[in-house]
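Colleague: Listed below are the residues making up each chain.
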Amino acid sequence: MATYNLNINGKTAQVDVDPATPLLWVLRDHLKLVGTKYGCGIAQCGACTVHIGDGAVRSCQIPVSSVGEQNITTIEGLSEHGDHPVQQAWMEVDVYQCGYCQAGQIMQASALLKHNPNPSDEEIEATMSGNICRCGTYTRIRKAIRLAADKSQNS
Amino acid sequence: MTLIRTKIGRRSFIRSSALAGGGLMLGFSWFASCKNAEEAEAVLQMPDEWFEINGFLKIGNNGVVTIMSPNPEIGQNVKTSMPMIVAEELDVDWNNVIVEQAPLNTDIFTRQLAGGSQSIRQGWQSLRMAGATARQMIIGAAAQAWGVPAEEITTNAGQIKHEGSGKTAGYGEMAAAAVNIEVPEEVKLKEISEFKIIGTSRKNVDGPKIVTGQPLYGLDYQEEGMLIAMIEHPPAFGMKLKSFDEEGVKAMPGIKDVFSIEVYPDDYTKLWADATVFDELVVVVGASTWEVMNAKKALKAQWEPFEEYKDAYDGREQIVPAGLENTSEHYNKLETMGAKLAKVVRRDGDPEAAFKNAARVIERRYSCPFLAHNTMEPMNFFAHVTDEEAKLIGPIQTPEYMEKSVSARLGLPLEKIDIQMTRQGGGFGRRLYGHFLVEAAVISKKMNAPVKLVYSREDDMTYGVYRPSYLATYRAAFDENNNLTAFHVRAGGIPESPLFANRFPAGAVDNYLAESWEVGSNISIGAFRAPRSNFIAGAEQSFLDEVAEEMGKDPIDLRLEWLAKAEKSPVGEENDYDAARYAGVLQLVKDKANWSTEQPGVHRGVSAYYCHNSYVAQVLDMTMEGGKPVVDKVTCAIDCGIVVNPDAAVNMAEGGIVDGIGHAMYSGMTFKEGEPQQSNFDRYRLIRNSEAPKAIDVHFVENEIDPTGLGEPPFPPIMGAVANALYRATGKRHYHQPFVQERSLKG
Ligand code: FES
Ligand code: FES
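So the protein lines, in turn, are chains A and B. 1 is the number of the first residue of the first sequence in our numbering; add one for each residue after it. 1 is the number of the first residue of the second sequence in our numbering; add one for each residue after it.
Hints were generated in silico from the structure; no laboratory data involved. A few of these clues could be false.
25 Å max Cα-Cα, derived DSS-like pairs, lysine-lysine [to be verified]: (1) 694(B) with 114(A); (2) 297(B) with 151(A); (3) 297(B) with 242(B); (4) 300(B) with 446(B); (5) 297(B) with 446(B); (6) 256(B) with 32(A); (7) 446(B) with 143(A); (8) 143(A) with 565(B); (9) 240(B) with 300(B); (10) 242(B) with 143(A); (11) 32(A) with 391(B); (12) 143(A) with 592(B); (13) 300(B) with 151(A); (14) 356(B) with 553(B); (15) 404(B) with 416(B); (16) 310(B) with 300(B); (17) 340(B) with 356(B); (18) 143(A) with 628(B).
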């Protein structure tokens, strides 16, 4: 057991856990931030995607001991009022079916747009192919990303 | 005018009551405490008082309406579409509606089950009736208050009006009096032309919560003092627990206990929603998921092969054979059985003679592997069981059935079992089988504490309840003029047959033969999105493509020709489809896909199928890029009667299409010595974003037929469209799923 002070969604959170505990389970079990989902535990599905700094990472693969003082953003902290352009686009397109994968999809998509505000269709598909949607909402995910990108381009 | 007797399910309308500040159904503490409830309040002014008009809805004194969504939500969007139907007949503004997941209450709600694409179809009348009855009672209250005849009162979007006197009021003002109005014996339903909500696209009511990561799912549920439990099941089908060593594991950090449980004791009679298979499990319980996962890895358990045994089910017995099975042997068995005479299920005319006298016969065999459902949210359930009662919270498609199972297993009366439904991270049939709910209950009882049972992805994928492995043999006979003279299907599987003997082209062919066979297995199986259809549709629709080619006909025209015959002069009595509606979707897809116009480089496959009361036809456009097939576009035509929530219906169709392409092309579960060879998404391949169609174009037949379901129907036929397009694109027919790694078959 060791104590960690994590910077999550603009706040500091203290946890006392085994250093090997993946960030995913620290978020879900210890900090009650359950928006980040468990899907596979082996970096294959993307359900657990969060941001560390500006980059999208699979939180099931990040031991809490390796996070340090880096800024972590989860779906709960992506925007204060649920109005990040990607969240808005998701609602406008009504992307989700069961919705379980969508926090990961949104975190992956928002990181993509941060680095590449106007991605090509191929870039969208390639980046989003690490995130499984078992319900098959892929065409809507692409459409929502396109919409969010176009809106930010025009604003 | 449609009048409807309110008698059916009348019990739900008897008790009306006023509820102060929020009322009976506040939802779960953990879920209700989330930020989003406050957000909803910020948008909609909450009433000071709620009046429960009937079990389906309550009206606030300010006119805000709460509508209960009775059925489990697994992603099919009934949580939005079912309340829309109530709101329509109640005649309220959808923006003034709050939707809540209803409690499990079979006195009020009928069929609280997600399965068979039946929620909307079977809920249609009772949902309309609930709304219309409440509206009638509001009108009754206004008539009394104003001293005018009820017949002269009209409503519009939550407003009541009496033209003659010029009196108006909002529903909220009459809600208190409405609870004392006698429940009408008969109510008038709206004409379809009067619909204002049904037939218009409304956004998913949980959307804002989904995009902000609010706790919605079973796996998200937490409670003070709750422990985490995980199971270790036998590593192979055909094995059972021999012994295990808990000592070292118990001492690991965070671990509270390690023990084995009997999920279903020998004297327990299973109900249909209790999946058969691993009746004894090792359980690890601890403080946190990660600690329990680690302890589970350290656990040393010994397993041994079991002997053949009988499983007692309610009304039937099932023999579970011994043995450790292999996929290669499965395919050998399928091939052997497929080559033998089997049980004749339907015979029209004299097919045997027609085949004997044929100028030419074609015969093709199709097969598919076992599939795991792989819902994104793995199996899980919360349970808190005491000596007196059991509270269970989580994702389950069959709460009504599992209430009975848990009651029988724990020996607690039915009314002491409280099952609460969460939003579910996918269902696809997997959560029809609630053994995990029984497991959670047994573990909680043993621990005497609230427990959340969590399956790892590996536990989930290797547990079973799979889509069976099937094989179908099709034969067609032709005369010297290339006319079809007979049609033969012989289909079977491990351990059940996929055959629907009375579906198209039965009814359209004079000489028709259908045979069915089965091979026993101890690998557990269950319903998987569009059971049986999910294989046989693709096989049949691929074969029809070859028949059309043999006859030198356009594949759509050939189907239309046969359907015209089935409509005008059907062969046999029991054809379970409506030929005109079937032809209707083919006509529509032909038109919308510009079927008659060839595009260079685009290879097209068509498919059409009827299941779960709905009709679907699809055209799939494929191009080849760098030697790899790419699905450019799918055009889809659907007849599911009245479409309640069009954009959500399109979403379901898109999902079914992507799912079908994925499973036809990429997915499969194989076994070695009984052991599932794929246990996570590194080896079990699911379709990815870049493999999904570039575009999907969905169209609905417009009619006024009562609505039927959409969760399943768009899924099965697309597999045939993929196979047919692949043939045009590559010149090679594909018979064995998954097509990317087609097993090589002799013969
Ligand atoms: S749970 Fe981390 S990638 Fe699947
Ligand atoms: S919406 Fe269900 S897994 Fe993506």
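Colleague: Output the indices of the hints that this structure fails to meet, ascending.
Modeller: 2, 7, 8, 10, 13 and 16
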